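Trainee: Spelled out, the chains give:
There are 2 protein chains.
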Amino acid sequence: MNKDRLILVSNDDGVEAKGLKTLIDVASRFGKVVVVAPAEAMSGMSHAITIKNPLRAKRLQKSSSHEIYSCQGTPVDCVKLALNQLLHGRVPDLVLSGINHGSNSSSSVVYSGTMAVAMEGCINQIPSIGFSLLSYDPDADFSTAGRIAEKVIDNVINNGLPNGVCLNVNVPDVSFEKVKGIKVCRQAKGLWKEEFVKRVDPHQAEYYWLTGYYLNLEEESDDTDEHALANDYASVVPIKIDMTAYNAMDEIKTWRF
Amino acid sequence: MNKDRLILVSNDDGVEAKGLKTLIDVASRFGKVVVVAPAEAMSGMSHAITIKNPLRAKRLQKSSSHEIYSCQGTPVDCVKLALNQLLHGRVPDLVLSGINHGSNSSSSVVYSGTMAVAMEGCINQIPSIGFSLLSYDPDADFSTAGRIAEKVIDNVINNGLPNGVCLNVNVPDVSFEKVKGIKVCRQAKGLWKEEFVKRVDPHQAEYYWLTGYYLNLEEESDDTDEHALANDYASVVPIKIDMTAYNAMDEIKTWRF
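Chain order of the listed sequences is A and B.
To convert, note that position 255 of the first sequence is 1142 in the numbering used here; the numbers rise steadily by one, no gaps.
To convert, note that position 236 of the second sequence is 1123 in the numbering used here; the numbers rise steadily by one, no gaps.
It is worth saying that the hints were derived from the structure and are not from the lab.
Identical copies carry no separate label here, and so any pair may be met within one copy or between two of them.
Capping the alpha-carbon separation at 25 Å, the derived lysine-lysine pairs in DSS-like fashion look like this:
#, residue 1, residue 2
1, Lys905, Lys939
2, Lys1127, Lys1076
3, Lys1140, Lys1067
4, Lys949, Lys1085
5, Lys1038, Lys1140
6, Lys908, Lys939
7, Lys1080, Lys939
8, Lys1085, Lys939
9, Lys1070, Lys1140
10, Lys945, Lys1085
Bear in mind the structure is a predicted one, so any value in this text is a computation, not a measurement.
Isolated chain A, as found in the complex (with noise of 0.2 Å):
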């Protein structure tokens, strides 16, 4: 461990969350490190952040190699909260974010609050991971997902990371010796097909219950990540923060306005 080194630890399943001690483990061998992380589970915040109320701090922990604090926010507000207020003006070297209950591949990544952790590393231009497995179970075994962790931070810390790029890592459900490896890979084309379960309450309205199944656009592509994943890889793939789509530029600069 390296005590110059600091390391921010946050995700979106809560303070809690049993994927978050295992990130928290795996971040102590290389670090420092300070987790701020919500005070209750947050799946689906997305790049959220809270406006019209105020924000409270809770310090849960404080050890020699790690503190931790709840907040009463997303995701992200845990992230501006840390970097703004609770390191009193110290710049991480790394933001990590996990590991999360449930995958956060293809067109995920938009609704993730674990990969809003990273993206909003990104912006402020510290190198950031996030970290997902592919199981929803609050008791999953990490294990897993925490050795294929330690080998993505202990790169990122040697090779650093472009600037504007963050990583989305994501680790299939299996024991470590059946992971055929570690890919990178693009983003698979791809989207939730929502389906609502209508109901009817007591006093006769309507309400509607969000559920839905992924889909993927592109099975047949062999360069994804849902690809790698489907064929016990640990999938990585480096997201932009800019999301100019710069090839579509020049045809729409021919409109005429």
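Based on the hints, put chain B in the right spot on chain A.
Mentor: Using the frame of chain A, we list chain B on its own:
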């Protein structure tokens, strides 16, 4: 108006917002409009979705030209509920969002509920546009933004949009005569510098209010949305839903995991 063209309209300022009314007026010139907008203001909600609570929707208006629903959910919930329930299986020809009260240029796109609506439309393979006016005033003058929106919508209908690309349109808060033109730009590199205001409540507990200002990291560049807007152009940034950093992949593939 083309009665066969179905246009879904939403926003993040809520169903009562003045900017939404302007967009409904403009959209109605192009087709039948169905509005599904949040019951309350939802600024900063990004691409958040509601998983833990059910959604409710209420039809507020129905006429031959348009229908208006309010939904107790996030902007993206509104789109999902429309596509999967309220439109009874009809797929809209266009998804429009806004007109937002306040800028969504540069990196604000990741926090923006307005742009999340457009991105959700785009993920569902529908041509989609988000509109924002550079004024946070609830009573802002949307006449310029409405005229710009009409020109952009007309072009999208006539030219289409590439698969996986939606538009982020921002309009300066000036009279239409003062707008120098509509410029196709890239997203400026920039970030919000937070300045949390720390207070102490009557029970001696600390809390924090999020405030901040936008910092343009490339003021010298003349091809960004920020530069266009600062010079009284309306900006059109094509936005990709595939966030893969393709130009970083080769380098990361050389890492030893």
